[in-house]
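Below, each chain spelled out in residue letters.
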Amino acid sequence: MKIAFTSKGTNWDSMMDPRFGRTAFLLVYDEEKNELTHFDNRAIENEAHGAGPKTAQKLVELQAKVLVTGNGPGENAARVLDQTNIKVYTGAGDMTVKEALEAFKNNSLNQ
Amino acid sequence: MKLAIASGKGGTGKTTLSVNLASYIAKFQKVILADLDVEEPNSGLFIHARLVSKKDKFKMIPEWNEKNCTLCGNCKEVCNYNAIIQLNSIILVFPQLCHGCFACSELCPSSALKMVPQRIGELQYFEDGNLSFIESRLDIGQEQATPLISLTKTFIEENFTDDIIKIYDSPPGTSCPVIETTKNADYVILVTEPTPFGLHDLKLAVGTMRKLRRKFGVVINRYGIGNDAVLNYCVSEDIPVLAKIPNNRRIAELYSRGKLIYPTIPEFESEMERIRTYILRKAYCK
Amino acid sequence: MKEIVVISGKGGTGKTSIAASFAWLGGKDVIVADCDVDAADMHLLMQPDYHESEDFYSGEKAIIDQDKCTQCRCCIDVCRFDAISIRDDMLYVDPLECEGCGYCARICPENAITNEIQNAGQWYISTIKTGSTMVHARLGIGADNSGKLVAKVKNEARKIAIEENKDIILIDGSPGIGCPVISSLSGVDFAVLVSEPTISGLHDLKRVNELVKKFKARAGGIINKADLNIRITGQIEHYMKSENILHLANLPYDEIFTYSMTCGKTIVEYARNDLTTSISVIWDTIKQAI
Chain A
28 MKIAFTSKGT
38 NWDSMMDPRF
48 GRTAFLLVYD
58 EEKNELTHFD
68 NRAIENEAHG
78 AGPKTAQKLV
88 ELQAKVLVTG
98 NGPGENAARV
108 LDQTNIKVYT
118 GAGDMTVKEA
128 LEAFKNNSLN
138 Q
Chain Y
4 MKLAIASGKG
14 GTGKTTLSVN
24 LASYIAKFQK
34 VILADLDVEE
44 PNSGLFIHAR
54 LVSKKDKFKM
64 IPEWNEKNCT
74 LCGNCKEVCN
84 YNAIIQLNSI
94 ILVFPQLCHG
104 CFACSELCPS
114 SALKMVPQRI
124 GELQYFEDGN
134 LSFIESRLDI
144 GQEQATPLIS
154 LTKTFIEENF
164 TDDIIKIYDS
174 PPGTSCPVIE
184 TTKNADYVIL
194 VTEPTPFGLH
204 DLKLAVGTMR
214 KLRRKFGVVI
224 NRYGIGNDAV
234 LNYCVSEDIP
244 VLAKIPNNRR
254 IAELYSRGKL
264 IYPTIPEFES
274 EMERIRTYIL
284 RKAYCK
Chain C
997 MKEIVVISGK
1007 GGTGKTSIAA
1017 SFAWLGGKDV
1027 IVADCDVDAA
1037 DMHLLMQPDY
1047 HESEDFYSGE
1057 KAIIDQDKCT
1067 QCRCCIDVCR
1077 FDAISIRDDM
1087 LYVDPLECEG
1097 CGYCARICPE
1107 NAITNEIQNA
1117 GQWYISTIKT
1127 GSTMVHARLG
1137 IGADNSGKLV
1147 AKVKNEARKI
1157 AIEENKDIIL
1167 IDGSPGIGCP
1177 VISSLSGVDF
1187 AVLVSEPTIS
1197 GLHDLKRVNE
1207 LVKKFKARAG
1217 GIINKADLNI
1227 RITGQIEHYM
1237 KSENILHLAN
1247 LPYDEIFTYS
1257 MTCGKTIVEY
1267 ARNDLTTSIS
1277 VIWDTIKQAI
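Residue numbers (the numbering used here), protein chains in the order written: chain A, 28 to 138; chain Y, 4 to 289; chain C, 997 to 1286.
Okay, chain A solo, but in the shape it has when bound (with noise of 0.2 Å):
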């Protein structure tokens, strides 16, 4: 199964990013192959309107199943989320990408 974090950077020490919308990365843990890939989702910020649908289409594309984030998404990025099985998971926001997975896998997180 993959597993996203909105992140501030590309490794597993990097500190988690609160938002989802205008998150500086997302990253992508692959339980199977054990693997770390991120997307660098920075030039969002070039965007006025519409950041949230924009990376929770990424999202979609990066094939996760399971989001895990700080604050949450949006409105306009939870409304694309609902249409898809994609599990949110918040509460990670002061983490790092390490302890934010470990608080997932022990069940510590908010759904």
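Since the hints were derived computationally from the structure, they do not count as laboratory data. Any given hint could turn out to be false.
[As the list claims (entries may be wrong)] Derived contacts from chain A toward chain C, CB cut-off under 8 Å, selection only: (1) K29; (2) S41; (3) P45; (4) A70; (5) E72; (6) Q90; (7) K92.
[Said to hold, decoys possible] Pairwise CB distance ranges (calculated): (8) C:K1210 / Y:R252: 35 to 41 Å; (9) Y:R252 / C:I1082: 55 to 61 Å; (10) Y:N71 / C:N1115: 58 to 64 Å; (11) C:D1090 / Y:K117: 36 to 42 Å; (12) C:T1123 / Y:N230: 23 to 29 Å.
[Stated by the list, open to error] List of simulated lysine to any residue pairs, SDA-like, C-alpha gap at most 20 Å: (13) Y:K247 / C:E1251; (14) C:K1261 / Y:H203; (15) A:K92 / A:E72; (16) C:K1210 / A:G99; (17) A:K85 / Y:E80; (18) C:K1057 / Y:Q147.
Owing to the predicted nature of the structure, the values given are computational and were not obtained by experimental measurement. Where a beta carbon is used, it is the ideal one built from N, C-alpha and C, also for glycine.
Since the structure of chain A is already known, use the hints to place chains Y and C on it.
Just chains Y and C, lined up with the frame of chain A:
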């Protein structure tokens, strides 16, 4: 005559001036007051009039017809506002982002996006003797003020004759909603206060009026606080100062209670008269 | 690193004057972000040196290349904003009406129209009189005020706060309830709501609070010019209590707001009295709360 009342800075007394000037002029002749600060309309707090009619106001947005859609994705490509997303086999429209350009609808090869109306707010029309008061309120969650401002102006143009004075209470600032409100006003009154913030933001507002090529003048509110920099600026720039409303705590107190000022404060009433005379002269000597 | 934003819903409540006082009190521990980009005023009190500046691009406008245009009027037919008109047999786009949708550019049979990104303002990095850094901006006249420039100012402030290892970002927020305010509120830890005891002040406070509740920030309220109307001050206090907004203080109406501004100083620099003491206490309370 269309008179817009604007300011660069918020809180300078735009609404105080609009409601008092409109009510004062109504003592002599028919006048229309329109509150175009559709995000935060406050004039109504001071006007007590009879509701004549209420109308829903709409903008046009695309509606997806799943049956006709071939999922070509052309709509998503032509939308410049990220208002259309394609998710596998679904097309999602984001109405708040839509500017109503019709490109997606008209360029769709299979007629799968029809433009339909969506409510953005409400217009209310009140009357009290000579005063007609129109207030438009943007629904919470609607992000664009400009379309509702434009629709309100159209309502006024269609329902009232040209010879009545129309006062537009404008939103604060200098961006799109203010442009929409003031762009074809016959005269714009910029309300300011004699402080450094007031002067700085007045200069921005003056720049905007010059770009729009509007005739304009200034009313200095809370005159007596701060310094003379605003007055000196107007003099050096040849900008007419229509009135100086004195700094008076009683005025602030009356405002705080939602009361009109001119009935009880003579020095305020004389400034309303000064402005009224000026506008009438301007209107007849176009 | 914590973020504090000062907002007000209604203009003229004293938001910027109070934010500037906090900036002074915070001194070198604080990075300042002036996000009131439509009518930025913090610089009038902080004496910035503008040592870095950059252009800001946002929004598009259509431009017609007269050499290629054959006046077929296809563009006029599709423009929903009445932005294209004819003068002396030539077609022009009115940049104030054009919404940058790009429809005309897409369908022009001669490819004579381009949709060009606009220079919508500038943003600056300055050193201010406290020795600290301020990020501020100026939005161009009639420019698209989408919140993008606000986001830019905040992001730059965050970058600097990390580089310089500062604890607090202090944001002078935008007025109203639209996109720029939403952008000001995103990601903050504490929102200071400045209000005044007038009917419109209470009305706008409620509207902006509805917005604040959508973000996970602690909120605190200051009632400025509180002695102007005791009854409404009471109503605001009651409202704040019911909404779990921390009541930071009531400040009396005081011309010191104007006197200090006129001298280019923040209130707390200008004098030492009960009012300035109250402001210091508020600042300490906020710092403790985050």
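Notebook entry, point to check: Which hint numbers does the structure go against, in order from smallest to largest?
Noted result: 1, 2, 4, 6, 7, 10, 11 and 15
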